[in-house]
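Chain by chain, the residues:
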Amino acid sequence: MKSYLQMVLSLSLIAVLSGLALGGLNELTFEQIQINILKFKKIPAVADIYEILTGELSSEERMAVEEGLLSEKRYVDLGLNEPSLFFVVRKDGAPFAVALEDYGQGFAGNLGVMVGFEIETGNLVGIGITTMSETPGVGTRVKEKAFVTQFMGMSKDAVLKVKKDGGEVDALSGATVSSRAVAQAMDNARAFYTEHREAILDAVNETPGGSS
Amino acid sequence: METDFFALIISAIFINNILLAKFLGNCPFLGVSKNMDTAVGMSAAVVFVLTLAGIITWVVDHYILATFKIEYIQTLAFILVIATLVQFVELFLRKSIPALYKSLGIFLPLITTNCAVLGTAIINIQEDFSLLETVVFSAASATGFGLALVLFAGIRERFEIARIPKPLEGTGIGLVTAGLLALSFFAFKGMI
Amino acid sequence: MFIPAFVMLGIGFTSAVVLAVAAKVFHVEIDPRIAEIEDALPGANCGGCGYAGCSACAEGMATGAAPVTACVAGGEETCLAVAKIMGGEAGFVEPEIAHQYCKGGDRAERKYHYEGAVDCRAMAELYGGDLRCEYGCLGMGTCVTVCNFGALEMGDEGFPVVNPGNCVGCGACEKVCPTDVIKLYSITDRLLHFNHDEECLSPCKQLCPAQIDIPGYVDLASQGKLEEAVSLIKERNPLPLICGRVCPAPCENGCRRAAIEDEPVHHNYLKRYIADWDMALGKRKLPSVLPDTGKKVAIIGGGPCGLSAAYYLRRLGHSPTIFDSKPELGGMLRYGIPEYRLPKKVLDFEIQEILDLGVDVRCNAYLGQDLTIAQLEEEFDAVLMAMGAWDNSALGCDGEDLEGVWKGTEFLQKRELDIKVDLTGKKVVVVGGGNTAMDACRSSLRMGAAEVVLLYRRTRNEMPANKVEIDAAEHEGIQYHLLAAPTRLVGDDQGVVQQIEFIRMELGEPDASGRRRPVPVEGSETLMDVDVVIAAIGQKPLLDWYTDDLKERGLQLTRWNTIVSDDETLQSDVPHIFTGGDLWSGPALLVDAIGTGRRATRSIHRFLNGQDLTLPKGTFKGAEKIALSNEIAVLGVERLPQVPQPELEVEDRITNFEEVDLVLTPELVQQEANRCMRCGTICYFKDDQLKEHVEGKDARTTVDDLLSKSPV
Amino acid sequence: MTTLTREFTKGLWDEIPLFRIVLGLCPALAVTTTMENGLGMGVAATFVLVCSNGLISLLRNVIPSEVRVACYIVIIAAFVVAVEMLMKAYFFSLSESLGIFIPLIVVNCIILGRAEAFARKNGVLASLADGLGMGLGFTLALTVLATLRELLGAGTLGLVFGERVLLAQPFGFFQQAPGAFVALGILLGLMNVLSKSGK
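Chains as they are written, first to last, in our numbering: chain A, 1 to 212; chain X, 213 to 404; chain C, 405 to 1116; chain Z, 1117 to 1315.
Keep in mind that the hints were calculated from the coordinates and are not lab data. Treat the hints with caution; some may be incorrect.
Claimed, not checked - Restricting the straight-line Cα-Cα distance to at most 20 Å, the calculated cross-link-like pairs of lysine to aspartate or glutamate (DMTMM-like) are:
| id | chain 1 | residue 1 | chain 2 | residue 2 |
| --- | --- | --- | --- | --- |
| 1 | Z | 1237 | C | 435 |
| 2 | X | 378 | C | 560 |
| 3 | X | 281 | A | 77 |
| 4 | X | 281 | A | 120 |
| 5 | C | 748 | C | 680 |
Could you put together the complete structure from these sequences and hints?
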């Protein structure tokens, strides 16, 4: 009988210890990871949108913009199980557009797109890619300027589908799957934005920070 | 929307076959496919483990991990469940089919680390399948795995009398043929 | 931070409980030693032990189903480790090495052009393979592919070459070969192997009574591998030095060169050269001897048969003791063959090499006087009777008991027994045509005889003596009175022989043995003065050892005083008594005695181990040629002059007992070796193939330096 | 000391993962599209392998054999998730490029393979040496495979030459997984030729 007890004891003990270790480690690293995700993922995408507006930025200017955007993040509680995050894009000091992130089904996993909407007109300002795992050299071309600029100033009720599917987005040759994913992400973002437009706009004027 | 089960099964077995399209579970693919009966034995074991694992991991994820928002230990919890199932299969085989147990050798415990099993479990969560879909998808993936394994075992038994350059004999030619087999499965890519 | 810990505890606990229950339900009693043994095994899963992989073999060993020595690939330390785990003691098992006889390869003729699956088994389905001789190597290399110890490589001449160092004896190649060309042989198998119908036998190998692999040692010699050549010869003939000098070489009659009207290859000169080189090397390189079996065998008679049986029995691990009536071993070799044909120095060297293996000797022990069979039976497990044939048959004419009339073997013994014989100025007449008669003539010449005459009742080419001997004696001035038979011996009043009367003969119809029966010509009696008459007209075994109790025990004799025993197994009617040599066959060649010595060894070995004695079915009987290898047309082979045997000049050899035949020079050896076509049963090397075969090996360059250090 | 060095060196040639012991294929085929990935993956796997080998051999007598697989895999998974978190927190860029493949380390057959075949039966020091040897062997194998695939498949060698295109028309085939199978097969053949002549 002793060996069965030993069996149960050892497995449970190891399970608990590892759970404990990971829990503790998670506590330790959670903040740092969030900051990293923000710094290396979300904000560069917003900076891409910023660049579409203001035109080419030198690396120092880009650093400054990214630094600035840190304080431009806003959290708004939309009844989802966690507060939604979006960014405010200022033009000549005044909030000009709002950028929020949504996902499309890419070639080998989710493709995250940060979409910018003009506050007044609701038209699209531009997009920036956050996370993707497309085939290198093929799918990754969606990041390039040629593809991204076509969305500048696109009207808010444009049919956000790839031309082949009857939409207005002309897909990258050879990367239809990735292009369709971007279109899908933008469509989701717009649907989310139009649905929660008022709450988002109130939050724009709040002080930055907000509840994490 | 009503998920089209037939399409799900076909895609799991042929289009994104866990082994020849997603390239998960290659170690047993090469290790066990030396002869037919071990390959069949392995496939049966994987079907059993994968289907059960699919169900339990779905339940664990939906009712425990999601509510407590501790997704990060998802890998840990899933792998523990899979390991228990594999250990269960190992004990069962040792008792009732010792011959198969012996011929599977090291590859039976290695089912636990079989990327296909954990991979499918994680895909079930990513695709946000319902329980029924999870079961169907897991079983179909496992069958796909079995199909690829048995197919490959058939080919490898032909190596016996083929004229193979000495250094490539055994695993070398196995890998090259696996590559070509995988290439042939690309043909299914565009079906759905 | 505690939530994940609780969740993991929950899952961990349930899993553990499930597994605990499963362990209980599916509990299987596993012998812990199995895992230990499996760790000790090499894990090659080669199947040599007959099990499907190492874990199955470990289980077999743990349950006692498989012996501790079952693992072939593991070698000694694995076996000892497993024995320690099982708590037993590991016994000795002879290592078995794969061996391949067929040297046909690309040169062998093919029945059809084969393009099927690259697998010998597949080709064997098609009319038994594409080879003309059905049991040759098909050369598809399946044995090479199945061997996973790297012991087999496809040689550049189209047949697999075994690397004995890597061979662990797992038997995978043997199972795969459809024509049984490659087989596992232990030392016992190799020593006790006899020619088989289903085996590659060159014509010369078929004719050699000792079944020596002649093309084998010739090829090794031409490549300069003289050490390997010696051990190859010694597997069949432990007395190469003696045989090289004395044997009339019946094998040369079968040489395939005869088919192109060319003189045969002098295998015997080469064998003698190889043996001399080994002797001159000086260092004693003893062959492998198996661990002692604790069985003792009595060998009565230290002649060639007794010596060869002692050599092989000792190598198989038994402990033989040789009893000999004379003061020293050698029998007819020492007391029959004179010094000029076989120097005693050479004889002693060869006998010593056998005794060094651990054979003990009791000389001056005469069966019937100093010891009896009954005494031997207490001390020994088996008895081999090989006393030879020393009794001379009588002339059968009156005056035989006159003084000065000696028997052949009696006369030849005198010199060796230091009995002074002075024939200076005397006239000697020798009656008989065999080797003993030749020895008597030439010895008496060397003892100062003024004139030596030989009487023989048939013609020259029916004389059983070696052709070389007959010519050499004639060169030394011995007169031949052929077709003449003695009728009367006339003595003076003191009873000393003065004259011999003989009668002219003619040849009539052939008698039972196929030789034409001589018929006397009436009235042609002639008288000749003579001082000494030596009768050498045939021998038969002495019978003074044949006591009554042996007769009751069932030991019977034939009309020629030889012992009645089973032709194949040489076992007499008394189970533990075996016979061999002249005592069984009657007077015969030295090489016949060696052959029967090895055959007797096989029977004794199997008798001691309680195994059945009969020879395997299809064993090659006697010396008839396999018809297949006769009607082969020899194409692409030119005639090459035979190498002459260098000899002492006549003048300086008849006055002393110096050895007549000198040793060949290395160049002559290479020249003669290149005449040998390395025949198989059917295939042989055509000239260009042979040149490429010999030149191809870089050993060619080493032959010169190796041979240059040889004795001249 | 010699047994330790032997345990260590055997992982580098005699029993080098991927070429000799054909385990750990899944990450090898998927991640070795660029040299940098191969190296990163190898290092991460080595770290996990060494730690898990050490801990498992420490507990080898405690854990009963019926639940040994479950316990080992939990330990390995714990290490992997820990590595994932640490990487995301402090080496974000590397964790980005390795992406999906860090969780897949836990199912990397090498780690449980070594635990099951070696750590379970030998002392801690030997297991650590074995883990390190195997890990470095694995990294070496991955890097060699990755170099071959990147050079032939994409025509560039990111880590070494940056963006410069070395091969005008690269064979896309090698960038995909079937190409990985074929490349590894050929490398295995090459290895046998080398070892045969090398011996």
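Verification of the hints:
1. 1237(Z) to 435(C): It holds: about 18 Å lies between the C-alpha atoms, which stays within 20 Å.
2. 378(X) to 560(C): holds (16 Å)
3. 281(X) to 77(A): OK: residue 281(X) and residue 77(A) at ~17 Å, within 20 Å.
4. 281(X) to 120(A): Roughly 37 Å separates the two Cα atoms, so the pair is violated.
5. 748(C) to 680(C): holds (14 Å)
Checked against the numbered hints above, the structure breaks only hint 4 and satisfies the rest.
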